[in-house]
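A.B. asks: Listed below are the residues making up each chain.
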Amino acid sequence: MKKKHLNQKQRSVLCDILAVIICCIFLFPMYWIVVNSFKLDSEIFLHTPTLFPHHFTLQAYKDQLGALETTLKNSVIIAVGSMALALLLSVPAAYGLAKFRIKGKKILMLVFLVTQMLPASLVLTPLFLIFSKLNLLNSYAAPILSTATISIPFVVLMLRPGFLSIPDELTEAAEIDGCSPISAFFRVVIPISKPTVITAACFSFVFAWNDLAYSMTFNTNAKMRPMTSAIYTFMNQYGTKWNSIMAYGVLLILPCVIIFVTMQKHIVEGMTSGSVKG
Amino acid sequence: MKSRKKYAFIGYLFVVPAVVYMLVFIGYPIVYNWVISFQDATALTLRQTNRDFIGLANYTTIFADGTFRAAILHTFIYTIGCLVIQFIFGLAFALFFAKSFHLSKPIRGLVVISWMLPVTVTALVFKFMFAQDSGIINAILMNLHLIQKPIGWLLNGNTAMGVLILANSWVGIPFNMLLLTTGINNISKDVYEAASIDGASKRQQLFKITLPLLRPTIMSVLVLGFVLTFKVFDLVYVMTGGGPVDATEVLSTYSYKLSFELFHFGEGAAAANVLFVCLFVVALIYLRTTTKEE
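Residue numbers (our numbering), protein chains in the order written: chain H, 1 to 278; chain V, 1 to 294.
Bound-form chain H, shown alone (with noise of 0.2 Å):
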């Protein structure tokens, strides 16, 4: 009995240790990034590259100060607006899809699953004919319209079930209190939401901010670029300035790292139920 209860401890040991080894090459491409947006372009064309940087510095970080600062801008004004819209469109889809009885519900429940698998491909030459004709080309409004796309269907999908398990008598008893349906989703539905919703939020402007295909397209004049497609101009630039070019990439994975570390339960359940099945 005690021999068993050894090797168990044991085996157990030697999981965790895999485990590590494993975390450790899986997060290896995350600290090179980091740590090479701290050295100077010298120390990474050494022959041996360095696991630290001997010589720290915030030179890359310096060095793109002024073309940061526009792209930065650019990119939180394009994720908080897409972020924005897709809630307020999606929330109260999710909801609706949850409570009432709709026709044709099951189709589109289908029809959001399928939109979120189709490529970004498909609608980019007829989105750039349609903005262009509108003239929302080089405008914020071209990217936060086309990103909001993505969010939608992965929120309506990923809230359902949560709306679905709010007893109805909470909202009839507001209802009842001379609330409308709608008042009684702003006051009762949403603040017990909270969680969730957050989450959404999240999602969506995190899928904004990471966007390149739809940005790159619609705003290619370089005052109006967000971060990921300045990032991709500079290294067809500059190709081998990699110290600047991990510089940016901290900044662009900061705001998901946050995100992610802060609500990692949610997120992690979010991404199961709004990429597979509401």
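Some hints could be false.
[What the hints assert, rightly or not] One side only, chain H facing chain V, incomplete, derived with CB under 10 Å:
(1) 94
(2) 132
(3) 181
(4) 206
(5) 227
(6) 271
[Unchecked claim] Which chain V residues stay away from chain H? Per the calculated CB distances, all over 12 Å, these:
(7) 57
(8) 61
(9) 81
(10) 88
(11) 245
Simulated from the structure, these hints should not be mistaken for laboratory data.
Ideal Cβ positions, reconstructed from N, Cα and C, are used throughout, including at glycine.
Chain H is fixed; fit chain V onto it per the hints.
C.D. replies: Structure of chain V alone, referenced to chain H:
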């Protein structure tokens, strides 16, 4: 329930705005894309309201183009390569992390972070790690004396495709693991208990219980994986730009080039439709499997 019926029209009030939005910005463009693909749409005719319809000319042009046919092949090679790697490792990790040891849950939760990061950055850091001069992969391999001189991973067609698959797996493996873990957790513990009372070994439990009961999950993971991988754009566009010499050109990058580098919008739209048809077939299979599941 009665009050719900009475207010049914309010339900539509909640749902309709999102549906209309998606119809305007996704539904209409999809239809418009088919229209453009039959038109003589180039930079010159961009702002014309009545573009000439030229039948299937755009389709015959792209199918006569060797690069386009190669792009179809590359897309399939890339997708199948990614699917095999991310499914095998994803399943192995899911089974491994399903064991209860101290760090199983925290580490399982941590590695999926790659899914949240911009693909642009993923592409750039892999490009950097596999760079010929300053890449850490060459440095490690040379230190281990596995290679004599630095390899230009992204300068050779075959290795470039390999690196693309690897970079995608960095996101794909944890994501597959997450979806498969959900499936594994849904299998009742009682089944395993009963099996071990009957004397089933761990290996028998894996092949006779876990895998058969996981079948529906595995099916949807594979099909979802196919669809999400097949439409790859950012990763290829940033890492190789379809190069070297079109060796990693995929359908979405080629469609993009036709539309926005050559300004042959009609051909770009046609290429995107070919991508769409491939995905549509697989999506149909996916829907059949998920509806069966219910």
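A.B. asks: Which hint numbers does the structure go against, in order from smallest to largest?
C.D. replies: none
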